[in-house]
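Working from the sequences, and respecting the hints, build out all of it.
Just so we're aligned: 236 in numbering that gives the first Met the number 0 is position 237 of the sequence shown, and the numbers increase by one with no gaps anywhere.
Read the hints as simulated data drawn from the structure, not as lab findings. Where a beta carbon is used, it is the ideal one built from N, C-alpha and C, also for glycine. There's no promise every hint is true.
To be verified - Using C-beta positions, here's what the derived DEER-type ranges look like:
1. Lys309 - Lys216: 34 to 44 angstroms
2. Ala458 - Tyr355: 24 to 34 angstroms
3. Asn194 - Glu682: 51 to 61 angstroms
4. Pro471 - Asn520: 22 to 32 angstroms
5. Glu72 - Tyr355: 44 to 54 angstroms
6. Ala458 - Asn597: 30 to 40 angstroms
7. Asn590 - Asp494: 23 to 33 angstroms
8. Asn520 - Met213: 32 to 42 angstroms
9. Lys652 - Glu72: 51 to 61 angstroms
10. Ile118 - Phe467: 41 to 51 angstroms
11. Asn597 - Leu656: 55 to 65 angstroms
12. Asp463 - Lys524: 19 to 29 angstroms
13. Lys216 - Glu34: 50 to 60 angstroms
14. Lys600 - Gly112: 32 to 42 angstroms
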Amino acid sequence: MKVLKKILYISLWLFSLNAWAGNQDTVTFFKNLREAKTETDKVNSLLKLAKHFLTVDVNRSFGFIKEAKTISENAGYTKGSAEASFVWGDAHFLKLNYDAAEDNFTEALVLYGKAKDEIGRGEALAGLGKVAYNKNDAAAALAHYGDALKIFEKFNYKDGLAGLYINLALVYEDGGNIKMAVDFYNKGLKTARENNDIVSESSCYTNLGNIYTMEEKYDLAIESHKRSIDLKHQIGNKQGEGTSLNNLGVTYYQMGNIDKALDCFQSAYKIYVEIDDKKSIFPSCNNIASIYHEKNNYEKALEFYDKSYKVAQELNSISKRIVSLEGLSLLHKDMGNLSQALDYSILCMQLKDTLYNKEQAEINAEMQTKFATEKKQQENEMLNLQLKSETLVKTVFIVLAFAMLLLAFFIFRGLRQKQKSNLILSEKNKIIEEQKHIVEEQNKDIKDSIKYAERIQHAILPPDKLWFSLLPNSFVYYKPKDILSGDFYWIEKKDDFVFFAAADCTGHGVPGALMSIINYNLLNKAVLEKGYTNTSDILNYVNNELTVSLHQSYRESSVRDGMDISICAINTKTLELQFSGANNPAYLIQNGVLTQLNANKFPIGSFVEEAIQSFTTQTLQLKTGDIVYLFSDGYADQFGGPDGKKFKYKQLKEMLLEIHSKTLQEQKDVLDKRLNDWKGALEQVDDICLIGVKF
0 MKVLKKILYI
10 SLWLFSLNAW
20 AGNQDTVTFF
30 KNLREAKTET
40 DKVNSLLKLA
50 KHFLTVDVNR
60 SFGFIKEAKT
70 ISENAGYTKG
80 SAEASFVWGD
90 AHFLKLNYDA
100 AEDNFTEALV
110 LYGKAKDEIG
120 RGEALAGLGK
130 VAYNKNDAAA
140 ALAHYGDALK
150 IFEKFNYKDG
160 LAGLYINLAL
170 VYEDGGNIKM
180 AVDFYNKGLK
190 TARENNDIVS
200 ESSCYTNLGN
210 IYTMEEKYDL
220 AIESHKRSID
230 LKHQIGNKQG
240 EGTSLNNLGV
250 TYYQMGNIDK
260 ALDCFQSAYK
270 IYVEIDDKKS
280 IFPSCNNIAS
290 IYHEKNNYEK
300 ALEFYDKSYK
310 VAQELNSISK
320 RIVSLEGLSL
330 LHKDMGNLSQ
340 ALDYSILCMQ
350 LKDTLYNKEQ
360 AEINAEMQTK
370 FATEKKQQEN
380 EMLNLQLKSE
390 TLVKTVFIVL
400 AFAMLLLAFF
410 IFRGLRQKQK
420 SNLILSEKNK
430 IIEEQKHIVE
440 EQNKDIKDSI
450 KYAERIQHAI
460 LPPDKLWFSL
470 LPNSFVYYKP
480 KDILSGDFYW
490 IEKKDDFVFF
500 AAADCTGHGV
510 PGALMSIINY
520 NLLNKAVLEK
530 GYTNTSDILN
540 YVNNELTVSL
550 HQSYRESSVR
560 DGMDISICAI
570 NTKTLELQFS
580 GANNPAYLIQ
590 NGVLTQLNAN
600 KFPIGSFVEE
610 AIQSFTTQTL
620 QLKTGDIVYL
630 FSDGYADQFG
640 GPDGKKFKYK
650 QLKEMLLEIH
660 SKTLQEQKDV
670 LDKRLNDWKG
680 ALEQVDDICL
690 IGVKF
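In structure tokens:
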């Protein structure tokens with residue numbers, strides 16, 4: 000269902016462009032370009048031509064975009080340069096070049112900001128959202144769409160709101176949050192009606208109808224699909240009308256009304272034949288054949304299965320041929336043609352092997368590409384680990400289920416041909432053994448992917464060169480529990496301030512690593528984009544943005560998607576230190592005396608009643624030789640020693656007082672040895688991050 004949604008999503012976007020282009024006169028565009036008197040007029044005419052050719056000949060649009068970009072840059076026309084980057088992103092998106100589209104939309108976002116065009120920034124953020132969605136990066140898609148939504152709602156930008164509501168609904172629907180999806184579809188529906196946006200209105204009805212069908216709310220589903228059919232017929236969107244008819248047929252079929260379902264499927268089929276849409280003809284033929292098969296009308300079922308197989312061959316699609324062959328095999332079995340049914344089953348199995356090998360080759364090629372572009376795909380790679388695991392389970396299930404089906408068939412025939420049956424059984428065991436080998440290879444690929452995700456996470460952490468250039472007399476003791484970590488350390492500089500922090504995100508492994516990337520980026524944004532220099536302001540900003548990004552509320556805050564953190568800001572000229580903390584304190588050693596700097600007793604991502612809590616700042620005057628230690632709870636919570644108990648903070652304080660006069664590198668070595676001695680043969684229980692800085 001997820002794949003189908005993405006195809007419909009792209010098709011809707013294309014249709015919107017076509018609807019715009021259909022009302023334009025290409026000749027007029029070229030005439031305006033020739034008569035342009037200023038550089039600004041010329042750029043605007045070039046971009047109108049580029050937008051037009053996006054729906055006619057994408058490749059031709061690139062020439063107009065490049066020329067508009069060059070003229071804008073030479074003339075200092077920032078908004079024109081931003082528009083060119085944005086349309087360039089759309090062109091790459093249409094050609095499925097998602098990395099290039101992401102670069103263009105990012106550049107457009109920056110340029111719109113320089114031009115003080117807030118609506119343009121919202122459009123660029125929405126563009127980044129649709130790229131992330133099509134790259135299966137749901138977290139990034141929601142973050143970008145959420146930022147765009149704030150802008151559109153602030154300026155009541157109805158031309159963009161309806162489509163944005165639909166895109167948000169799609170992400171929530173894919174993630175299984177049906178309630179949020181329905182809410183956003185209804186918001187999109189209301190906005191589309193107010194704006195007389197029939198395209199978006201019909202799309203909302205289509206997707207609401209599918210959800211209501213899934214929830215068995217059939218009256219609402221039928222009403223939604225019929226409204227969608229009427230609207231798409233009204234605007235002449237035949238392909239969309241066929242899709243809605245097909246969806247209505249699915250609803251009737253699930254209700255058990257196969258006659259009405261057949262009428263809908265046949266109506267959709269006639270439309271697809273009329274517009275020669277082979278990709279849609281294929282599922283229509285299969286739907287019609289399935290119903291005739293269920294009605295025991297074998298002659299008509301065979302006719303439409305044959306049609307679907309012919310279309311699959313014309314489309315050169317192995318997966319579609321497999322679907323048709325499975326239907327033909329079951330049909331001939333019910334007709335009593337067991338020999339022909341077996342022939343179709345064997346051919347189907349051979350095609351599945353071919354398809355599997357093709358998918359494996361694509362996975363290998365994709366992995367090589369990812370290793371070449373590791374920085375750009377850091378969060379996407381983590382989510383792909385889960386998707387590959389799901390693909391592996393589905394693949395093994397399909398292979399074993401099909402093997403069992405053939406095995407049962409051969410055993411049945413073996414009542415009369417025992418010797419032949421034993422031979423076939425032996426062959427099947429060999430196939431299963433081969434599949435076992437394939438599964439082992441796939442598991443190796445997944446482990447390799449996790450190792451690669453580790454490289455991605457390390458890539459976002461501050462390089463040693465940067466860290467020690469800002470804090471030369473310091474150490475970072477960083478020891479993840481698993482390959483991936485929920486702990487991270489952070490450093491940044493602005494004006495006379497150096498900011499540094501030790502953070503502990505919810506969980507460890509892949510979930511913790513994903514949260515660490517989100518929070519790391521929010522810390523950077525707080526300092527570099529928002530310009531905060533007070534540590535409590537930084538934490539308050541991260542707290543607010545994390546709550547928005549994860550769409551948490553007071554009632555949902557028990558999920559605890561948050562972060563414990565200790566953060567410092569040192570004025571390098573005056574040695575004035577600011578400290579703020581979320582649950583995690585810090586230790587300051589002055590003249591051999593250890594003082595604990597207490598943190599606020601709540602994490603990032605926490606509420607009191609309906610309000611997000613605020614953090615406080617402690618300010619201290621340091622002098623040369625003072626040492627500050629920041630840490631997560633991993634070191635103190637480690638089990639070990641003679642009684643298998645926690646190390647605890649009391650021992651940590653005593654040890655730091657004992658070693659604080661040593662060099663920073665010697666302190667780090669002692670910390671590592673003491674932990675390993677304490678832990679012994681026990682497992683490390685949590686990620687560990689401990690920072691020491693001497694001033």
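Hints, verified against the model:
1. Lys309 - Lys216: 34 to 44 angstroms: Hint holds: Cβ distance 37 angstroms, inside 34 to 44 angstroms.
2. Ala458 - Tyr355: 24 to 34 angstroms: Taking Cβ atoms as reference, Ala458 and Tyr355 lie about 32 angstroms apart, which means the hint holds.
3. Asn194 - Glu682: 51 to 61 angstroms: About 58 angstroms separates the Cβ atoms of Asn194 and Glu682, which means 51 to 61 angstroms holds.
4. Pro471 - Asn520: 22 to 32 angstroms: Since Pro471 and Asn520 have Cβ atoms about 26 angstroms apart, the given range 22 to 32 angstroms holds.
5. Glu72 - Tyr355: 44 to 54 angstroms: At 49 angstroms between Cβs, range holds.
6. Ala458 - Asn597: 30 to 40 angstroms: Between Ala458 and Asn597, where Cβ atoms are some 34 angstroms apart, the hint holds.
7. Asn590 - Asp494: 23 to 33 angstroms: holds (30 angstroms)
8. Asn520 - Met213: 32 to 42 angstroms: Between Asn520 and Met213, where Cβ atoms are some 35 angstroms apart, the hint holds.
9. Lys652 - Glu72: 51 to 61 angstroms: holds (59 angstroms)
10. Ile118 - Phe467: 41 to 51 angstroms: Roughly 44 angstroms apart at Cβ, these two residues keep to the hinted range, so it holds.
11. Asn597 - Leu656: 55 to 65 angstroms: The hinted range 55 to 65 angstroms is violated for Asn597 and Leu656, with Cβ atoms some 18 angstroms apart.
12. Asp463 - Lys524: 19 to 29 angstroms: Cβ of Asp463 to Cβ of Lys524: about 23 angstroms, so the range 19 to 29 angstroms holds.
13. Lys216 - Glu34: 50 to 60 angstroms: For Glu34 against Lys216, whose Cβ atoms are near 57 angstroms apart, the range 50 to 60 angstroms holds.
14. Lys600 - Gly112: 32 to 42 angstroms: Roughly 38 angstroms apart at Cβ, these two residues keep to the hinted range, so it holds.
Of the numbered hints stated above, the single one contradicted by the structure is hint 11.
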